[in-house]
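Colleague: Take a look at the letters that make up each chain.
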Amino acid sequence: MLFLADFSVIRPEPGLLFWMTLIFLVFWFIMSKVAFKPIATALKKREEDIQEALDQAKKAREEMANLQSQNEALLKQAREERAKILKEATETKDSIINEAKNKAKEEATKVISSAKLEIDNQKNLAMAEVKSQAGLLAIQIAEKVLRKELSSNAEQVNYANNLVKEIKLN
Amino acid sequence: MVLRYNIFRLFLSFLLSISAITFLAAQEHGATPAPASNTEHHVVDSAGANHSTEMHADVDHNSAHAEGGHEEEPFSPGETALHHIADANSFHIFGDVYMPLPCFLYAPNFGWTIISSTSKFDAHHHGTGTKAIDGYVMEHGEVKRVNDESFPKGEVMIGEFSHVKDTTGGKEKVTSFIEYQGKTYQLDKKTTWDGGLMGGGTTSYYDFSITKNVFTLLLTFFFLIFILTKAAKAYATRPNQAPRGIQGFIEPIYIFIRDEVAKPMIGPKYEKYMPYLLSAFFFILGLNLIGQIPFFPGSANVTGNISITIVLAIITFIIVNLSGNKHYWEHTLWMPGVPSVLKILILTPVEILGIFLKPFTLLLRLFANITAGHIVIISFVSLIFIFGKAGESIGGSTVGAVISVPLTLFMLAIELLVAFLQAFIFTMLSASYIGAAIEEPHHH
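Protein chains in written order, with the numbering used here: chain P, 1 to 170; chain W, 171 to 614.
Treat the hints loosely; a few may be bogus.
As the list claims (entries may be wrong) - Here are some chain P residues pointing at chain W (derived, C-beta under 7 Å):
| id | residue |
| --- | --- |
| 1 | Gly-15 |
| 2 | Ile-39 |
| 3 | Asp-49 |
Simulated from the structure, these hints should not be mistaken for lab results.
Computed from a predicted structure; not experimentally measured.
C-beta atoms are modelled at their ideal positions from N, C-alpha and C, and glycine is treated no differently.
Using the sequences and the hints given, assemble the complete structure.
Modeller: Written out as structure tokens, the structure is:
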């Protein structure tokens, strides 16, 4: 059992204690300054940035949703407006057409009535002329007939008598 | 399918590499000759070996016996494991190749001795030196000191190492000796602060060398500084972007420590303690993982050395008790609503004991877990040598390897989990002690 006495690792050695203390303290000091604090700061900053980015994304999403609903409302409104405008336009068109039709009808009636009037006038005029021509002709004919028939006295007297008779009848 | 194929390939290459190591080791051990053929390198060895065989007969009768060279000792997995988990003054790479490391040694009655490299000890075999420098020698990669004023200073050639095992009083203690110019000198091990309870104690010198463990500490230190600085720079150069590269490794750990450890355990004041928790976590994890690598520059059992865990636990202890608010101290020392007699006799002593027990369990848990893991893995690998009779039987080694590889693989997987788990537990418990110390009083 030579080795039992040689379990040297359980004996605290001044040399190792000294070197370990020195090396570890230096390591601790240097690493806190050079590595651990910068890493801590960097990680903290990154975590904050990530949180911020997430928050912003959430906010942006909410804004997007908001915008979308606004857009939808606008679109709906626009559609309604369009429908309204279309409806109005149709109405206007119909009214214009109707008006035009009525006007045309009226105009036509006017034209027709004035034409009728003209025609009546012309007819009357023409009738008057015809009447006067016919009168003239009748007078001429009657003159000629009278001349021929009233060539004798008897017949003249007879005729005069007839005329007198007719007057009396009236 | 691809995944299964890859796992199969991984397993196969692992098996092959283990087998290769086995045969290399077998050759090395097989080549270790009988004393007669060893004359070239170790003239003194063979003499010592004879001496040892002589003395060996007395082992069972006497409380003390001397041993010669280590080559004759039968393969002992326990000793191998303990040798591997121990700290050393030079870093074993393979065979007789060691990475030399500098030594800073202090003997109160002599002063400082600085040896620029352990290669100065001129070790040929098993990391045992053939030279003494200012009375310091190296045995098995470990520096020891001749505690004798008459021993010459400066570099001198030394003779054979020998050992005396003292089993008096049920405690076994092995003392090393060297021979120099016909005289035998006793060697001191470095000072350890266990008060003699664990077989150490204050000796004639202190060892502040860059040992294998200190080397691994420095390696981990620079590696962690490199990757953490790189990650931190990436945050500066690419702010507010998804993590990339090394950030992808650091960031989940950072966030885990922050959100699962610091915030729930400490509460709103957690930020102040984050650098310590992270330093402890990354340092322990780094050391654990580097210790898992079975070859150089890994394999050092750093977090399995109590000195390391003591430092970490003491720092946690200091932070906890410096952070402790009025509420904490009141509840520790003079718990309100409990009769004074109970407080004086039971509660306050127990609570004061608890202040010290908490970091003690912290240091013991990490130390024991990592050391146990290393020992178990080395024991499983040792199966190869046990079956192969330390290299004599290639067939036995093969059988050993077939049994050992799946077991070792399994243990390595468990140890990988343990490496993370223990780093996490240390951090978690430190955070919970800090949290208890700074907790604001609730109004029930």
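Colleague: If a hint holds in the structure, say so; if it does not, say that too.
Modeller: Taking the hints in turn, this is what the structure says about them:
1. Of the supplied interface hints, the one on Gly-15 of chain P holds, with its beta-carbon coming within about 4 Å of a beta-carbon of chain W, less than 7 Å.
2. Look at Ile-39 of chain P: its Cβ gets to within about 5 Å of chain W, closer than 7 Å, so that hint holds up.
3. Interface restraint check for Asp-49 of chain P: the shortest CB-CB distance to chain W comes to about 5 Å, inside 7 Å, so the restraint holds.
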